[in-house]
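Quick mapping for you: the protein sequence lines, in order, are chains A and B. Counting in this note's numbering, the first sequence runs from 1 upward without gaps. Counting in this note's numbering, the second sequence runs from 1 upward without gaps.
In case anyone wonders, no lab produced these hints; they're calculated from the structure. It is possible that part of the hints are untrue.
What the hints assert, rightly or not - Derived list of chain B stretches under chain A, where covered just means 3 residues or more per stretch with a C-beta under 8 Å from a C-beta of chain A:
| # | stretch |
| --- | --- |
| 1 | 52-61 |
| 2 | 78-88 |
| 3 | 222-234 |
| 4 | 317-324 |
| 5 | 334-342 |
| 6 | 371-384 |
| 7 | 391-404 |
Beta carbons: idealized from backbone N, C-alpha and C, even for Gly.
The primary structure of each chain is shown beneath.
There are 2 protein chains.
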Amino acid sequence: MSEKISIIEGGVTAPKGYKAAATAAGIKYEGRTDMACVYSEVPAECAGTFTSNVVKAACVKWDMKITESGDKLQAVIVNSGIANACTGQEGFDACKATAEAAAEYMNVSAGSVAVASTGVIGMQLPVDKLVNGVKALSLKLDGSIEAGTEASKAIMTTDTVNKEIAVSFSIGDTTVTLGGMSKGSGMIHPNMCTMLGFLTTDAAISKEMLTKAIKSVVCDTFNMITVDGDTSTNDTLLIMANGMAGNKEIICEDSDYEVFYEALFYVCRFLARKMAGDGEGATALFEAKVINASSLEDARLMARSVVGSNLSKAAIYGHDANFGRFLCAMGYSGATFQEEDVELYFESTNGKLKVFDHGVPLAFDEEVATSILSAPEVTILINMNEGKATATAWGCDLTHKYVDINADYRS
Amino acid sequence: MSEKISIIEGGVTAPKGYKAAATAAGIKYEGRTDMACVYSEVPAECAGTFTSNVVKAACVKWDMKITESGDKLQAVIVNSGIANACTGQEGFDACKATAEAAAEYMNVSAGSVAVASTGVIGMQLPVDKLVNGVKALSLKLDGSIEAGTEASKAIMTTDTVNKEIAVSFSIGDTTVTLGGMSKGSGMIHPNMCTMLGFLTTDAAISKEMLTKAIKSVVCDTFNMITVDGDTSTNDTLLIMANGMAGNKEIICEDSDYEVFYEALFYVCRFLARKMAGDGEGATALFEAKVINASSLEDARLMARSVVGSNLSKAAIYGHDANFGRFLCAMGYSGATFQEEDVELYFESTNGKLKVFDHGVPLAFDEEVATSILSAPEVTILINMNEGKATATAWGCDLTHKYVDINADYRS
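Here chain A stands alone, though its shape is the one from the complex (with noise of 0.2 Å):
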């Protein structure tokens, strides 16, 4: 990151003019929060990314209506515990409810409310119980950081820890805040999109350059990570922008749109990061870096297929160095390359070990390697030698916790 962007304290709330807070409004989960709501004192430019999945989650859908549309976004209201995926018109009329009762408690328009869910799919939400959340909500918006730090924890399902970031930086001589929030740890192989991430900024940017930027940002951030391979029916990643900071607009990719990428980029690829190290069950960060690659579109292909292999990530559990499982992984990812060309090197706090040149394997020591594959976050890097491209995927290990949560998720 560059000098230009510094990190602060807080998450969503950070950025001028946003509100948030959370409620426990008892529709899955009991003993804990499970709605949350983002809030900006005035309507803001959006954008956002979807799942690609076939099977859309209700509230995806009709979030996709609202970024589409020329229309502004003022709140955003989130449940955890019930997906609202595969529940037909009733599904549907569980965020319109939600929607016109967010419209009539925080007086915005219901056009304005982006909806989202998170967790079993194929269960219907119970909507008297959603709308007196929404009006406990509307009582508790805060525009503290400890608001939006609460908001984050509202939103978890099997994560273990919430996940926020905000960030600051200059455009002219405004200072622009941007901050964000995510949740995820099963059902984690985004594809063009994330699971749930919020991001709120105080940057006056047009809603072109906006979609833009965020289009770009996720190709490398959060579809980039995985953590079981399975791309989820809700996954939703928003972005609003009030204006607030009062910087000169940015309408077009000049410096200043360049200054907001890089923030933008740094804060998805933390929150990504920090989803991929909390996948369910995980007890490490696994880092795949393919460097000179001959395409980014290979480079890309190859590192996500070394930390979604089933037997990548469980070769990552035990400390087993069993590079071969990654080569592998590579050879079915779809990407060309020639194997004599390849140099492949484990990396972590704990050292650098080269076990693969040029298409033989090299004789190194057992012991060093298990140390390396023993750190909390562990780098498989992978010189391909035949190009300049270089992409970086991030997921976990495969471990018995992760068979304990889901084989019996719904109870």
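Place chain B on chain A using the hints.
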């Protein structure tokens, strides 16, 4: 299966003129056999399909040369424990040494010897042990049923049961026999082929028809199974046809070809299902049957995606009626469909239950669902109500034992 085809005792040695042997060559495993040979008394027409992985084991490259040439095949030498993949020139030299040893000890041409390996990637084969193993095999070659069974056991890695079958059928007035064995339990996600499978027949059939039949049959058998989504570097399916049954040679797609095809399909389907059910750590065979889809390609994509989903597999392990995961997996399979058309059922020897009907989740008895999902073979039946295409895919559940096996596979 039609009445024309009878299941008989045995495996690769059931057809006329085939011998087999197994030996403990000490390549990696101790206290068990780890090399096998399948041998035909006369050179046989051959065909094969191989992994689509860009990274191909040395032995795969060796066998592709043989099957793509007009050469006949007389012996196949297989070792388990080391895959001979990512091994450079030294790996290819090991194939050559194996074939030359077989040529010497079995009095065949080196060009008629196929080799196959399965096990750890990126490790060199000990050539002296291999050559000694070939010599030992040559002394034990035997046409008995037991010898075939011993061979099917020697090629196992993490498999818990050996997999073999034989069938007989008539071509004209002649009785023809087809036998086969296969292995595979992890790194199973065949793409245009399978793990290791070896088929023998005494049918007289042209190379062209044999190739056509095997390439077609794999699409709905071995290519429709998955254990972990990892397409191996070593997938190999070889068939030998030595003509010793004495039938009128099959040279075109006539009724004789049809009965041969049916027998071949039955054998491959049997072995494929058995591999899926014996997936690493599996407690259940997990079948997804898609009916009335708009195209065969879509039906295959959806069936494969459902049995390949980690979340679906974990739900099967937990006997958890979390049907939304199956719909989610269909949604990201690449197939296109309307969720409003879909009906979804759970089915096993314990009963049948509809859980999703034309886009709407149904209320169902959880105990009934759990009972159905607790059977050793569980089917998810998916009626697309959109067309006439049907496809079935097989996998297994994702269990703690899978993680155990793969966290430290090499030691």
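Consistency of the hints with the structure:
1. 52-61: holds (count 5)
2. 78-88: With 5 residues closer than 8 Å to chain A, the stretch 78-88 of chain B meets the three-residue bar; holds.
3. 222-234: holds (count 6)
4. 317-324: holds (count 7)
5. 334-342: With 5 residues in contact (Cβ-Cβ under 8 Å with chain A), the coverage given for the stretch 334-342 of chain B holds.
6. 371-384: violated (count 0)
7. 391-404: Since three or more residues must qualify, the claim that chain A covers the stretch 391-404 of chain B holds, with 6 doing so at under 8 Å.
Consistency with the previously given hints fails for number 6 only.
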